[in-house]
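A.B. asks: For reference, the chains in residue letters:
There are 2 protein chains.
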Amino acid sequence: MSLVVVGSMAFDALETPFGKTDKIIGGAATYIAWSASNFTQTIKQISVVGGDFPQEELDALAARGVELEGVQIKKDEKTFFWSGRYHMDMNTRDTLETQLNVLADFKPVVPDSYQDCEFLMLGNLVPAVQLSVIDQLKNRPKLIVMDTMNFWMDTCMEDLQKVISKVDVLLVNDGEARQLSGEYSLVKAAKKIMATGPKYLIIKKGEHGALLFNADQVFFAPALPLEEVFDPTGAGDTFAGGFMGHLAKTKDISFNNMKTAIIIGSAMASYCVEKFGLERLKEIGKQEIDARLDEFVQLVNFDIELG
Amino acid sequence: MSLVVVGSMAFDALETPFGKTDKIIGGAATYIAWSASNFTQTIKQISVVGGDFPQEELDALAARGVELEGVQIKKDEKTFFWSGRYHMDMNTRDTLETQLNVLADFKPVVPDSYQDCEFLMLGNLVPAVQLSVIDQLKNRPKLIVMDTMNFWMDTCMEDLQKVISKVDVLLVNDGEARQLSGEYSLVKAAKKIMATGPKYLIIKKGEHGALLFNADQVFFAPALPLEEVFDPTGAGDTFAGGFMGHLAKTKDISFNNMKTAIIIGSAMASYCVEKFGLERLKEIGKQEIDARLDEFVQLVNFDIELG
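In order, the protein sequences belong to chains A and B.
Heads up, our numbering is the position in the first sequence plus 15, with the first residue counted as 1.
Heads up, our numbering is the position in the second sequence plus 15, with the first residue counted as 1.
Mixed in with the good hints there might be a few duds.
Where chains are identical, the list cannot tell them apart; a pair therefore holds if satisfied intra-copy or between any two copies.
Unchecked claim - Each computed DSSO-like pair below joins lysine-lysine, with the alpha-carbon atoms no more than 30 Å apart: (1) K90 / K181; (2) K207 / K220; (3) K203 / K220; (4) K297 / K214; (5) K93 / K290; (6) K290 / K220; (7) K266 / K177; (8) K35 / K207; (9) K206 / K35; (10) K35 / K93; (11) K220 / K206; (12) K35 / K266; (13) K264 / K38.
Read the hints as simulated data drawn from the structure, not as lab findings.
Keep in mind the model is a prediction, meaning the values are calculated, not measured.
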């Protein structure tokens, strides 16, 4: 039984108010796998890279227990590249350059050894690619979680709606929830979106935390107030990785356990943003994660007497 | 021993995406008193109104246990009037009209009977007026809480800083915390602001909740996700009233009790925004408040096992 992760593996070049990087390793599936591998060791990756993707990065993932049979390596092509600049609020960014490269005609192939998929994490990617992976799985996974972004709402809403109708948990940010539903109120947006398929909706609000909706229940997870958000790239993917890693580890997909999983995802994301790219995620282990989880407990813990 | 509240009592005319009102009753001190009177009955009001302010509104406050000896009634003048229009996000608004009227030369006079002031709530008002009230009290209150706004930062920063240096708890929103400190990071902003006097800082983030800072501690209170924010006018004052009402009731000014007080303030604010003006606040009682507090407990409650 495994956690299958689908998503980009990429090069990013980033500019933030605090500094800039040359090409560094990025990609949704990379962040998800690094984050999730703190909690579960049966991660199976589906992605595509070019011949320019460093072998040592693949080796580092393999050493974390991430299987890479489903990662296509196109020796004569180049890895997906994205370059962006963040504004002071770190919630808005401009894309400076996008080179799709190997992603332009990515046809995911699910290896036979991945057919034991119990948890499927669809990282942000072309909806048709996400759908293809669902279709290739012979047994419906216990839980399908999907991330996406406004770009697909603008360019291929029909495909996107098709995938959304097949997943259990959808992850979007507040702006995307509003765009997808046409509702400004996030409570109304959540109801409309859940009516199209997903039983659970997670609305990520960056520095303002995240909301988990399920039927008439709602849970709010705060973001840790940080002195400095150094680089928000990958924070959403890292959140998804922690969320999914915890669920795959515990095999408990109740609303109650999803609340815990969201706090764990938030803790992972709070580390991610402390340095550029994957740097901080590669440094932390169980001790750091537990310390941060304790900070979250302190952050929201209060006593109230009713009646 | 009493809770003294200083602030405006006013007429508001409001436009929101959901409707508009003619002149209705508003003002920081009005909202604070209505909210706080759910928790403590020794509220003493300091404000000023014109001859046009309805006697039945004063009577309604008196019936809630609010003493009005410190409310000046200038029979031949008009009550402060503010008219504003809210944008779709309800966090931004345009002022359409401001008539200072009686507020233009308001000189607060603290009655002798208010000298038992144990808790002082300085609602948003000209800093010089707030300062005058502090100066007129012969004994320093156990706790001074101050609300303010960006307008005073733009127009009389020196006076404002003087008041801030004398209070225990400062309430501002996120934009104001950034403006006051010159720091974008709210954690850095909080440290800088607390270094100028207040031991506690509450940063209100509207629909994104509120943060309470004290030395190296931080607490995060969510806002309840609502189907509709009908009218946000007075939400901050209502929050302050619930916060201060609970502290005055319990007489416990520990960080831990302030966390509870913030949740109570948030619950009160979540009712305030459901209808125009004071309408909803006038309808609710202990039963509604307890029900909403329970919703807050459910909203943030999670289990996590460390180690």
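A.B. asks: Take the hints in turn and mark each one as holding or not.
C.D. replies: Hints, one by one, checked against the model:
Taking CA atoms no more than 30 Å apart as the test, K90 paired with K181 passes in neither setting, with 34 Å inside one copy and 68 Å between copies. For a Cα distance limit of 30 Å, the shortest separation of K207 from K220 qualifies both inside one copy, at 18 Å, and across copies, at 26 Å. Taking CA atoms no more than 30 Å apart as the test, K203 paired with K220 passes in both settings, with 16 Å inside one copy and 21 Å between copies. Taking the shortest Cα distances, K297 and K214 never come within 30 Å of each other, neither inside one copy (33 Å) nor across copies (37 Å).
Proximity of K93 to K290 under the C-alpha cut-off of 30 Å is restricted to the intra-copy arrangement: shortest distance 26 Å within a copy versus 57 Å between copies. Both within a single protomer and between protomers do K290 and K220 lie at most 30 Å apart by alpha-carbon distance, with minima of 20 Å and 26 Å respectively. Taking the closest pair of Cα atoms, K266 and K177 come within 30 Å of each other only inside a single copy of the chain (26 Å); across copies the shortest separation is 57 Å, beyond that limit. For the identical chains of this complex, K35 and K207 are inter-copy neighbours only, at 27 Å across copies versus 40 Å inside a copy, given an alpha-carbon limit of 30 Å.
Taking the closest pair of Cα atoms, K206 and K35 come within 30 Å of each other only across two copies (27 Å); inside a single copy the shortest separation is 40 Å, beyond that limit. In this homomeric assembly, K35 and K93 come within 30 Å of each other (Cα to Cα) only inside a single copy, at 22 Å, whereas the closest approach across copies is 58 Å. In this assembly of identical chains, the alpha carbons of K220 and K206 lie at most 30 Å apart whether taken from the same copy (17 Å) or from different copies (24 Å). Taking CA atoms no more than 30 Å apart as the test, K35 paired with K266 passes in neither setting, with 40 Å inside one copy and 51 Å between copies.
In this assembly of identical chains, K264 and K38 lie within 30 Å of each other by CA distance neither inside one copy nor across copies; the values are 33 Å within and 58 Å between.
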